[in-house]
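Undergrad: Protein chains in written order, with this note's numbering: chain L, 1 to 245; chain H, 1 to 253.
Among the hints, erroneous ones may be present.
Beta-carbon label-pair distances, calculated as ranges [stated by the list, open to error]: (1) H:22 / L:43: 45 to 55 Å; (2) H:19 / L:45: 33 to 43 Å; (3) L:7 / H:9: 31 to 41 Å; (4) L:133 / H:225: 43 to 53 Å; (5) L:110 / H:40: 54 to 64 Å; (6) L:70 / H:225: 50 to 60 Å.
Distance condition first, Cα-Cα at most 20 Å in a straight line; then the derived EDC-like pairs of lysine to aspartate or glutamate [stated by the list, open to error]: (7) H:76 / L:86; (8) L:133 / L:98; (9) H:3 / L:98; (10) L:53 / L:5; (11) H:250 / L:62; (12) L:26 / H:251; (13) L:177 / L:120; (14) L:53 / H:184; (15) H:3 / L:232; (16) H:80 / L:5; (17) L:133 / L:92; (18) H:196 / H:178; (19) L:137 / H:94.
I should point out that these hints are in silico values taken from the structure, not numbers from a laboratory. Where is the CB? At the ideal position from N, CA and C, for every residue including glycine.
So the chains spell out like this:
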Amino acid sequence: MAILEVKKINKTFPGGLFEVSRHVLKDVTFSLPEGETTGFVGSNGSGKTTSIKCMLQFMNLDGGEILFFGKPLNLEAKKRIGYLPERPYLYEFLTGMEFLRLHWNLVQDSSVEFVSRAHEALKRVDLFEARDKKLRKYSKGMLQRVGIAQAIINRPDLLILDEPMSGLDPDGRGLVKDILRDEAKRGTSLFFSSHLLQDMEELCSHLVVINNGTIIYDGGLTFFMKQYKSLEDAFRSAKEQGGAL
Amino acid sequence: MRKVFVIAATTLQEMLREKLFLIVLFIAVVLLGLSILLGALSFSEQQRILANLGYTAIEIASVGISLFSGAFLLSKEIEKQTLLLVLARPITRDQFLMGKVSGIIILNTMLVLALGLVLFFLLGHEVSFFNHLIILASLWFEAMIVLSLVIFFSVVVRPILALLMSLVILMAGVWIPDLQFFAEKSKDVFFINSVKVVSWLTPNLYRFNWKSYYFLELGVGAQDVIWMVAHSCGWILIVFVFSCIIFRRKDIV
């Protein structure tokens, strides 16, 4: 069963006085199998972040439909989703614990379990010691990790992460990958974007490839890797075949 | 309601920890101090000067908080995209906006009450506490109207422009009688009609400009107070509903 279905979504950014409008998503269609880790790969500016923003209703669609757990996104469905944006600018005036409490309170009606769950999440992202520090004192890697902690604190069924490893050093990347593996083991369906195929190879079983706002591949990772040497190779083949692979 | 409260509490926390609030509070305290000094220089009009300047200090502080926090709080969230994480949670955009506005309202109320209490003790116990409260309420409503306007504009345009547009409406709202006076004197039909249109399109803030000592001494009629509450609530509600409608449809790029 698909945990998320994206059906023929379109998005155009209107042009300004001296700008032409840009059709950034063109009939984007793909689905996420439940319990699997899906990679969303494409070069910079191919429409990954815009697709995710449309999925979570940060942007209005020009057309198409998006279903989470079989229904259009509603408040109940949002309770089951964890999300981390590409550049996690967080409320820097809060401490790590206060930040997690904010996100806990927006989802849960009771604070009973909060402390134990927050400690658990902070330990998993290796930030337990820094829990009472203000976020403005966190490094970029620490901000990324506390962002992941807020995404997993409510034990979501679906985790959507936009470029979770971008800008991190090798240690940071390793830690994020470990966290994602743990989440996958727990049964969480994962959807994360990256412009590096290498990240996908290590973590994903399912792959969605986007190029210039068009989905060119939606299927198993192993099959994709057998067919193409690199993303560039896949993009070239897609072009030759008139759009999709 | 719980989610609105969570956002309001976080907004309040943010404002108390940011420098803006401290700067506005400092300006208000300096103005209050100045009114005491100026009052002390005058032998017969001490209390009058203290009241007039004191209320003006509270007005500057509360309107200042509304203008600056309203203009930048939401635009900062959109620009830095901090609201993405919050809006990904089970919360509607209306609840988010309501929470943000509530945070500023709570802070403004605390500020007006605290400064009002200080001013009341400075004025001495002879003045009517009830009249003092009515004047404070008029200042509070003025700040709330300004807040609703600046939030509305900040959803549509850049923060500096939102701040300037709200300031222009605030000034127009206060100066309508002066404009009407000049229009009638000029006998220019276009000028007269333009002022009429401005008076319809702006909140009539001059009708509850009660900062003078005169109102503290003699009080304000019940009818005027009811008019102030109805007029302010009407403006705040209408502008807030429009803000919500636009914010609901806004693409967060």
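Undergrad: So, for every hint listed, does it hold in this structure?
TA: Verification of the supplied hints:
1. Checked against the hint of 45 to 55 Å, the pair residue 22 of chain H and residue 43 of chain L passes, with Cβ atoms roughly 46 Å apart.
2. In this structure the hint that residue 19 of chain H and residue 45 of chain L lie 33 to 43 Å apart at CB holds, the actual value being about 37 Å.
3. A hinted range of 31 to 41 Å for the beta carbons of residue 7 of chain L and residue 9 of chain H is consistent with their spacing of about 39 Å.
4. Separation of residue 133 of chain L from residue 225 of chain H is about 49 Å and conforms to the stated range, judged on CB atoms against 43 to 53 Å.
5. A hinted range of 54 to 64 Å for the beta carbons of residue 110 of chain L and residue 40 of chain H is consistent with their spacing of about 56 Å.
6. One distance hint, 50 to 60 Å for the beta-carbon pair residue 70 of chain L and residue 225 of chain H, holds here, with the actual separation near 55 Å.
7. Distance restraint check for residue 76 of chain H and residue 86 of chain L: the Cα-Cα separation of roughly 17 Å lies within the 20 Å cut-off, and the hinted pair is therefore satisfied.
8. For the proposed pair residue 133 of chain L and residue 98 of chain L, the alpha carbon gap of about 10 Å is at most 20 Å, so the pair holds.
9. With a C-alpha separation of about 15 Å, the suggested pair residue 3 of chain H and residue 98 of chain L falls inside the 20 Å cut-off, and the hint holds.
10. Between residue 53 of chain L and residue 5 of chain L the alpha-carbon distance is near 15 Å, which keeps this suggested pair within the 20 Å criterion.
11. For the proposed pair residue 250 of chain H and residue 62 of chain L, the alpha carbon gap of about 13 Å is at most 20 Å, so the pair holds.
12. Proposed proximity of residue 26 of chain L and residue 251 of chain H is supported: the alpha carbons are some 18 Å apart, at most 20 Å.
13. For the proposed pair residue 177 of chain L and residue 120 of chain L, the alpha carbon gap of about 18 Å is at most 20 Å, so the pair holds.
14. Taking the CA atoms of residue 53 of chain L and residue 184 of chain H, the gap is near 55 Å; set against the 20 Å cutoff, the hint is violated.
15. Of the pairs offered as hints, the one joining residue 3 of chain H and residue 232 of chain L is violated, with about 46 Å between alpha carbons and a cut-off of 20 Å exceeded.
16. Note on residue 80 of chain H and residue 5 of chain L: the hinted pairing is violated, with a Cα-Cα distance of about 29 Å set against a maximum of 20 Å.
17. For the proposed pair residue 133 of chain L and residue 92 of chain L, the alpha carbon gap of about 10 Å is at most 20 Å, so the pair holds.
18. The suggested pairing of residue 196 of chain H with residue 178 of chain H holds, with an alpha-carbon distance near 12 Å, which does not exceed 20 Å.
19. Of the supplied pair hints, the one linking residue 137 of chain L and residue 94 of chain H is violated, its CA atoms being roughly 32 Å apart against a limit of 20 Å.
Hint compliance for this structure: hints 14, 15, 16, 19 are not met, and every other hint is.
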